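Q: The lines below spell out each chain.
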Amino acid sequence: MAFEMQALQGGFDDPPRQASFAFRAAMMAMARPGDIQHIHGGAAPAPCSAAAATLLLTLCDRETPLCLVGNHDTDAMRDWVNFHIGAPIVSACDAQFVLGRWTAVPLSDLPIGTPDYPDRSATVIVEMDELSQTGAGLSGPGIKDRASLNLPDIAFFQDNNALFPLGLDFYFCAGDQLAALPRSTKVEG
Amino acid sequence: MYVAVKGGERAIDNAHTWLAEERRGDLDVAELSIAQIREQLKLAVTRVMAEGSLYDPDLAALAIKQARGDLIEAIFLIRAYRTTLPRFGVSNPIDTADMTCDRRVSATYKDVPGGQVLGPTFDYTHRLLDFALAAEGEAPVPAPKAEPRREPTPHVTEFLNKEGLIQGEAPNDETPPDLTREPIKLPGTRPLRLQSLARGDEGFVLSMAYSTQRGYGRNHPFVGELRIGQVPVEMEIPELGFSIEIGEIEVTECETVNQFTGSKTEPPQFTRGYGLTLGMCERKAISMALVDRALRWEELGEDNVGAPAQDEEFVLMHSDNIQASGFLEHIKLPHYVDFQSELELIRKIRREVAQAQTEQTQEAAE
Amino acid sequence: MSQDYNFAYLDEQTKRMIRRAILKGLAIPGYQVPFASREMPMPYGWGTGGVQVSAATLTPDDTMKVIDQGADDTTNAVSIRKFFQKTADIDVTEETSKATVIQTRHRIPEEDLREDQILVYQVPIPEPLRFLEPRETETRKMHALEEYGLMHVKLYEDIARHGNIATAYAYPVKVEGRYVMDPSPIPKFDNPKMEMAGIQLFGAGREQRIYALPPYTQVVSLDFDDHPFDPSKADAPCDLCGATHTYLDEVIMDDAGTAMFVCSDTDYCRSRREAGHTGAQSAAQLHEVNA
Chain A
33 MAFEMQALQG GFDDPPRQAS FAFRAAMMAM ARPGDIQHIH GGAAPAPCSA AAATLLLTLC
93 DRETPLCLVG NHDTDAMRDW VNFHIGAPIV SACDAQFVLG RWTAVPLSDL PIGTPDYPDR
153 SATVIVEMDE LSQTGAGLSG PGIKDRASLN LPDIAFFQDN NALFPLGLDF YFCAGDQLAA
213 LPRSTKVEG
Chain B
129 MYVAVKGGER AIDNAHTWLA EERRGDLDVA ELSIAQIREQ LKLAVTRVMA EGSLYDPDLA
189 ALAIKQARGD LIEAIFLIRA YRTTLPRFGV SNPIDTADMT CDRRVSATYK DVPGGQVLGP
249 TFDYTHRLLD FALAAEGEAP VPAPKAEPRR EPTPHVTEFL NKEGLIQGEA PNDETPPDLT
309 REPIKLPGTR PLRLQSLARG DEGFVLSMAY STQRGYGRNH PFVGELRIGQ VPVEMEIPEL
369 GFSIEIGEIE VTECETVNQF TGSKTEPPQF TRGYGLTLGM CERKAISMAL VDRALRWEEL
429 GEDNVGAPAQ DEEFVLMHSD NIQASGFLEH IKLPHYVDFQ SELELIRKIR REVAQAQTEQ
489 TQEAAE
Chain C
49 MSQDYNFAYL DEQTKRMIRR AILKGLAIPG YQVPFASREM PMPYGWGTGG VQVSAATLTP
109 DDTMKVIDQG ADDTTNAVSI RKFFQKTADI DVTEETSKAT VIQTRHRIPE EDLREDQILV
169 YQVPIPEPLR FLEPRETETR KMHALEEYGL MHVKLYEDIA RHGNIATAYA YPVKVEGRYV
229 MDPSPIPKFD NPKMEMAGIQ LFGAGREQRI YALPPYTQVV SLDFDDHPFD PSKADAPCDL
289 CGATHTYLDE VIMDDAGTAM FVCSDTDYCR SRREAGHTGA QSAAQLHEVN A
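Chains as they are written, first to last, in my numbering: chain A, 33 to 221; chain B, 129 to 494; chain C, 49 to 339.
The following block holds chain A by itself, in its conformation from the complex:
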């Protein structure tokens, strides 16, 4: 019963409006790697952050295979996804979206697109303890001079960038904070 109640809650009250604001934040984040946006309106079972729940409600539906990893792959989370989003839950190699903590994401299994269709690649939603504009130095499209973000790794993102135009795109979530790192961003330690 508790599970069912949890599954029914945490969707948007007013999807057209809330999704539009959430998308604006998601777009601003993706267009300006390292910028930290605030995004809210959704609430999913723990340990999913408000930012990640809102992002899922905004971007995912029956047409987007979703992979839940690590401690985000729970019955409660699957019920919530099933009720609010309807995204098919799949394994990493078929995923269009992935949700979990950095250490749990099977990075090498995820689709990185093809030379003909580099857009057919996964977007990874990484749950973080906190986001801050410190650490790794970022440059490239969307960044005027240089930006910083506390990325969970350096070498991986450098390798990912080297695959361009193929590669993975990332969102980082902590509470209601959201930042992004597309494959186009150059990363320095």
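Hints are computed from structural coordinates only; laboratory data are not their basis. Some hints could be false.
[As the list claims (entries may be wrong)] Per the computed footprint, the stretches of chain C lying under chain A, defined by three or more beta-carbons under 8 Å from a beta-carbon of chain A, are:
#1 67 to 81
#2 175 to 187
[Said to hold, decoys possible] Here are the simulated DSS-like cross-link-like pairs (lysine-lysine), alpha carbons at most 27 Å apart as the crow flies:
#3 C:222 / A:176
#4 B:476 / C:130
#5 C:222 / B:460
#6 C:134 / B:460
#7 C:202 / B:476
#8 B:460 / C:130
Computed from a prediction, not measured in an experiment: that's the story for all the values here. C-beta: ideal position from N, C-alpha, C; glycine also.
With the hints as your guide, set chains B and C onto chain A.
A: Just chains B and C now, kept in the frame of chain A:
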């Protein structure tokens, strides 16, 4: 002197008011009702349904009225309305063997089980204007009625199939792609091609088919069968666990029997082309079958002779009259910024040419 | 606001599909993302791609500006602005600086855009290689292999024949050294403005493609060392506001063909005149309005 052109908004409003007035025409003439259009301009209605990809005769009739009889405009209205409709589910594939045929003819056999049914066709009318129709109010003589067949009407190609004389079509339960929900990916598949042709412009598909008959990718078709009539539409209701009939639609189906293929290892077989449209769209269904057949050259091991009807990308990307007419007509929108940039460029090039000529003349003079 | 349709007309599932395409476009600048363009209640070729991108991007708090040929009052701009007023109940403006979302056909506003502004382009043919190779199956391969030799050959042939590159609008650009991109049919004068602070989104409805440029993305107009790119314009000042740095429309004034030049960006010209700038014929125009 110059004042920037203003008043676009007022111009649009006035144009719309004038359009409404023109649509109604002379007020001394009775207004057309939707029912009149639906009943008396049925072939226009079915074309709008077929190319609008929406089976609703009343809406199609409304669209024709609103579009002042411009069928492509009416199709556009239906398409734009259709995209806003929520999707409640997906029907089971219709079984045209279950059709209550109003018309069914085969060109390949003198007679077939289920019979040849000529139906309400223009085929053998003499195309003489009937001035009697100009006088209103006369009810037509009722046509004689026969009992409809209760049992399914078998497809003519099935008789050939039993003997192995025609290339078989493997059953496929894969959900076909939906070009209204996914971008077209090329090279496409036959289900994608058939969907595209079914909603493609009748004139375009007709001309493509005609070009194959004249030798641009000839494939020697016989109309194995043409049938028009009502078929039941069933839908699986998950809550019930079984299918129920949710209504009937009229469709036109054409199967062509085409020249056989074969090789040293494979005995020759006839091949097939297929056409299916919503409503009574006979010309379109036959055309579609010919174009479908032409597009199958690769699958059937034929040569691509470079005929337009064999070119999948060409056919699929240009068959849609809403896309075509929109893009064609957009050239009447203002383009003066681009035109200005070309003016600048052509003046510059001409200046340079003139200068070069002057220099040459001077050099020659010196 | 019309109750019959969802906010900004499109249903939420369609918006999500378009939003996903926009994000992939931003992640791969200059790459054309296929999307399942919907049939809109306006004709293909009249801005259906831009309208779908705007509809998926707008929030109820946005202020929108729509221009066609640089002007807010051209009929198709009026029509699109009305569509969003009706279906999204948003504020609209003619002032570039007050707009948060600007949908455009054929121009980039003269005023520099800010970081919080979004420019949505209507694109008729998104494929820069289309007029060299009509087949999508071929051009897709060329982009995948970064095979842009054909484009350079075409531009070089122009130079051989005309002494100039004979492309005055929709002048191809290379994005971040990777994808050759069609900037939409803007005059080449506007190309250098594409390296900007705002987000640029491109929608091609009929051709089912979306592409994007994040802020400050490197956008280079294709050229040759001995024939550098030349963002030319009419060699004249605006006859109304005197600007010498703006793109100009040439207006035929009389049967003798006398021409005057005026800013194509009508809002920019208006704001300059309000700030006291004058051109050769501004007095005459004033007289006309007063009469």
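Q: Evaluate each hint against the coordinates.
A: Structure-based check of each hint:
no. : hint          : in the structure
1   : 67 to 81      : holds (count 13)
2   : 175 to 187    : violated (count 0)
3   : C:222 / A:176 : holds (19 Å)
4   : B:476 / C:130 : violated (40 Å)
5   : C:222 / B:460 : violated (30 Å)
6   : C:134 / B:460 : holds (25 Å)
7   : C:202 / B:476 : holds (20 Å)
8   : B:460 / C:130 : holds (20 Å)
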